[in-house]
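Visitor: Here are the chains, one letter per residue:
Number of protein chains: 2
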Amino acid sequence: MHNHIYFTTKDHSLHLLDQRLLPTREEFFVCRTSEEIITALQVMVVRGAPAIGVTAAWGCIIALHEVMQQPQWAVLLHEKLDRLAHARPTAVNLRWAVEHLRGLWAGRGDIPPAELLPLWEYEAAAMQADDIKACQTMGQYGAACIQDGDTVMTHCNAGALATAGYGTALGVIRAAWEAGKKIKVIANETRPFLQGARLTAYELAQDGIPVSVACDNACALLMQRGMVQCVVVGADRIAANGDSANKIGTYGVALLAHEHHIPFYIAAPLSTIDLTIMSGAGIPIEERPAQEVSHIGGTQITPDNVPVFNFAFDVTPARLIAGIITEEGVLRPPYTESIAAAFERQAKK
Amino acid sequence: MHNHIYFTTKDHSLHLLDQRLLPTREEFFVCRTSEEIITALQVMVVRGAPAIGVTAAWGCIIALHEVMQQPQWAVLLHEKLDRLAHARPTAVNLRWAVEHLRGLWAGRGDIPPAELLPLWEYEAAAMQADDIKACQTMGQYGAACIQDGDTVMTHCNAGALATAGYGTALGVIRAAWEAGKKIKVIANETRPFLQGARLTAYELAQDGIPVSVACDNACALLMQRGMVQCVVVGADRIAANGDSANKIGTYGVALLAHEHHIPFYIAAPLSTIDLTIMSGAGIPIEERPAQEVSHIGGTQITPDNVPVFNFAFDVTPARLIAGIITEEGVLRPPYTESIAAAFERQAKK
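First to last, the sequence lines map onto chains W and D. The first sequence maps to residues 7 to 355 in our numbering. The second sequence maps to residues 7 to 355 in our numbering.
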């Protein structure tokens, strides 16, 4: 995978591979304003919790660049950061990235904007690099959960396209493959946005990792027939007790895996864990436009005037999760303790 | 719902509402040859086990009309009936309808084709009328399974369009509605062919029954949130022990319903029960063309050269089924006994 998110310091623009057009077209969407960043996030030019975080970090820099010539720049910037942080509700990485840069700013007292700009640029580049490194470390830990010969099911896209690169769930799959394990992948197509069919299949095929696409409806049959040995997915927000929000349908896949005695893993960096939320009940679930369900490409698939549901995420209870694969190792139940311990290890570094 | 299957005796043609074009276009597909009937079945101009049976019955008549002038007509007709009976593998109603007409013919010794024709036409019309009557009776029995105020989830289309009229699962829903129960329906969109989004929503909206469409992926979330009180689906073939083949994804819905303590019902006429098959393991599962998964309308959703799975059905084990709603009443576990008893009651009539 080439770099799908890159920032140009020359004109302060962020280039995003437009994920709405994959797999049939590879085009970049260029953001020159912080409002264009918000649009890109909301219409899902880019999606995936860690990629949303990195995009938002560059969005803060574009916002700073927009206001830095004005006397009221600090007030205006706070407003723009607030708007960015609320572009989408579920992925905690979005808020995390914005607040991380805001905290850095606060720590420098009355730093002039011309000095804040290079500081933030350095930090955003570091966040992007750190995200890739975290994915690779996660991959190393997670690869041990996958056996030679396994067929691994994944839901949605928790790959290079959902992160700064390499991927969380797909990072685990890549690491297992790179370690010489002969594995196959089943990508659930993941309606309504079809991230599995369009993005996961695209990424893995590019890397030469054997991948097939199945309708979400085929999941139970494939498990019943013994065609799946392991499930690995990403997450958009994890509560302190391990309950994990991820793409709609994940909770169903986890229940079906549990019923068929197939281990179900979450792969996510610690930045996806929200220690301020005790359980999944506290995670806000985004509802998205009906059009994503009622139309596919140019084809209308529901009758006029029939309402549709379009919840973007669901929450998988911790009891269905065999392990949470992080850059601090594979966390095991009880998660309240193993998550707290992972944050302690990270803080000591 | 208007009649979506009608035969014209004048020119021996069968008119089928083309279900591939719904909900945005209402056009009839006209079959003048038995090969056109086979095509219509295979490309799913018409689908749904009872509708497939009725279509095949009219197909037998068209086949007879094609060969009746030839000296070898009986040999040729047997060949055509064999081809018709194997147009699709899973729905037992197809074979049942063809063998029912063949049995009637065998019972008349060396009846000349000109006499067989009106006999079969009378019988096919009776089968079509009986199917509607069976659906209405099923509806009466099944309506008692639905409480006032319930939201009923259904998967695929087991409606008027899947039968000669009124529907099996949707017949139960219609009967509950007609009895004055204030119910709502959630139609799972049912990838890959989208029968739920396209057909179930269309039918129920036409009848003024409140219906919403959800992606198949939303099923677990909707149940988790208490938004579903009852599931009713159709069946394509039921084994003697109650294991039921139905549209891909049904088994997953049944497992999720079981996990959330939501009663899961099958609605199907006795002609869908195959007493020659002891359990679901014996039911053949059709695999259909990849194009149904890889493309939606004109939009390609998977990358070139990535294989896809397209199993058309799965089997729900009897243990997950709260009741099988038939024209002989609501059968309850243990099904081997209740199914056998239902056939005995029917035979005594």
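Among the clues, some could well be false.
Just so you know, same-sequence chains aren't split out, so a pair can sit in one copy or run between any two.
Said to hold, decoys possible - Computed cross-link-like contacts, SDA-like style, restricted to lysine to any residue with a CA-CA straight-line distance of at most 25 Å: (1) Lys190 <-> His71; (2) Lys188 <-> Asn311; (3) Lys190 <-> His301.
The set of hints was computed from the structure by calculation and includes no laboratory data.
Visitor: Against each hint, give a clear statement of whether it holds in the structure.
Guide: Structure-based check of all given hints:
no. : hint              : verdict
1   : Lys190 <-> His71  : neither (46 Å within a copy, 52 Å between copies)
2   : Lys188 <-> Asn311 : between (49 Å within a copy, 20 Å between copies)
3   : Lys190 <-> His301 : between (31 Å within a copy, 23 Å between copies)
The structure is inconsistent with hint 1 alone, although it conforms to all the rest.
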